[in-house]
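If you want the building blocks of each chain, they are given just below.
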Amino acid sequence: KAGVTQTPRYLIKTRGQQVTLSCSPISGHRSVSWYQQTPGQGLQFLFEYFSETQRNKGNFPGRFSGRQFSNSRSEMNVSTLELGDSALYLCASSLIPPEDTEAFFGQGTRLTVV
Amino acid sequence: GENVEQHPSTLSVQEGDSAVIKCTYSDSASNYFPWYKQELGKRPQLIIDIRSNVGEKKDQRIAVTLNKTAKHFSLHITETQPEDSAVYFCAHRGRRDSNYQLIWGAGTKLIIKP
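Residue numbers (my numbering), protein chains in the order written: chain A, 17 to 130; chain F, 45 to 158.
The shape of chain F in the complex, shown without the other chains:
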């Protein structure tokens, strides 16, 4: 069945620097790629998503890029701040057991060092 690989599992960056998290998938028919953020003790929340008809989407300090040919998509956070510390999950629309469903990455723990 379809899977998604997410790297790195832990990322530690200096406050103010940029952070990049990458996810790789294999289903060429995938067309929806959301990113969720889960702060400690809180519920996951969507922070940005992209559909396959665009290659990049930005929202203030956050951007997502999609490379359909290479089958990977990445989350970019610029000018990182302490409140960016959280676990980030990528996901995509993939097929498992003949049905489409949301396939999740294993998560990346982002640590912002002061």
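The shape of chain A in the complex, shown without the other chains:
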């Protein structure tokens, strides 16, 4: 079956712009989580959606937002981009909330802010 798909794979944006990243989960999965990963750093949790509702949120400023659609696809948006937002953004999907089962990661979107 198809894995988790993230688009686009690479993105270059200018400071002050906004960006939208997309994540298509594995068919049937209802939970989607988003993470930020910078070089040499761990997985910084952004937020998690389950059945179109935000279940959990990490410690990121309000410039980071997300949503989930009825088909479980999810988008995250970053407004007023800063240089420090340059990172690999990973999404992960799971059948049920990820704290109880395996999470499947996408290949990520590498965002560069110049």
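No wet-lab data here; the hints were simulated from the structure.
There's no promise every hint is true.
Derived DEER-like restraints, expressed as beta-carbon distance ranges [to be verified]:
no., chain 1, residue 1, chain 2, residue 2, range
1, A, Gly100, F, Ser53, 31 to 39 Å
2, F, Ala73, A, Gly56, 27 to 35 Å
3, A, Pro77, F, Gly99, 38 to 46 Å
4, A, Ser67, F, Pro158, 46 to 54 Å
5, F, Arg95, A, Gln70, 25 to 33 Å
6, A, Arg46, F, Lys112, 27 to 35 Å
7, A, Thr128, F, Ile106, 34 to 42 Å
From the three backbone atoms N, C-alpha and C, an ideal C-beta is built for every residue, glycine too.
Following the hints, put chain F in place on chain A, whose structure we already have.
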């Protein structure tokens, strides 16, 4: 809120030797403990997980042990091989902001020396 401490941050072992990574948590209600492996340039993938009703689980050269009394769990890799070089993340089901979520360790970079 709940956290998990992961040690060491970097581990260098000779090929063929064993490697052990340890994580410590504080939420006594935690009942799910997965380990993820992220090879360079790739997405994190689950390699093994354990639930709180067992103390040890093995899968070929990989094993995870859980000590609920001491609140720590460890990843053991025996007969290490070059392909074991990666960053390993522990995680567990913990409570933050009144919700259960997956809490991640900071990661351990494992280097296998030839």
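Hint check:
1. A:Gly100 x F:Ser53: 31 to 39 Å: violated (22 Å)
2. F:Ala73 x A:Gly56: 27 to 35 Å: This hint holds: roughly 32 Å between Cβ atoms.
3. A:Pro77 x F:Gly99: 38 to 46 Å: holds (42 Å)
4. A:Ser67 x F:Pro158: 46 to 54 Å: This hint holds: roughly 48 Å between Cβ atoms.
5. F:Arg95 x A:Gln70: 25 to 33 Å: holds (27 Å)
6. A:Arg46 x F:Lys112: 27 to 35 Å: holds (30 Å)
7. A:Thr128 x F:Ile106: 34 to 42 Å: Holds - the Cβ-Cβ distance for Thr128 of chain A and Ile106 of chain F, about 35 Å, lies within 34 to 42 Å.
Hint 1 from the earlier list is the only one contradicted by this structure; the remaining hints agree with it.
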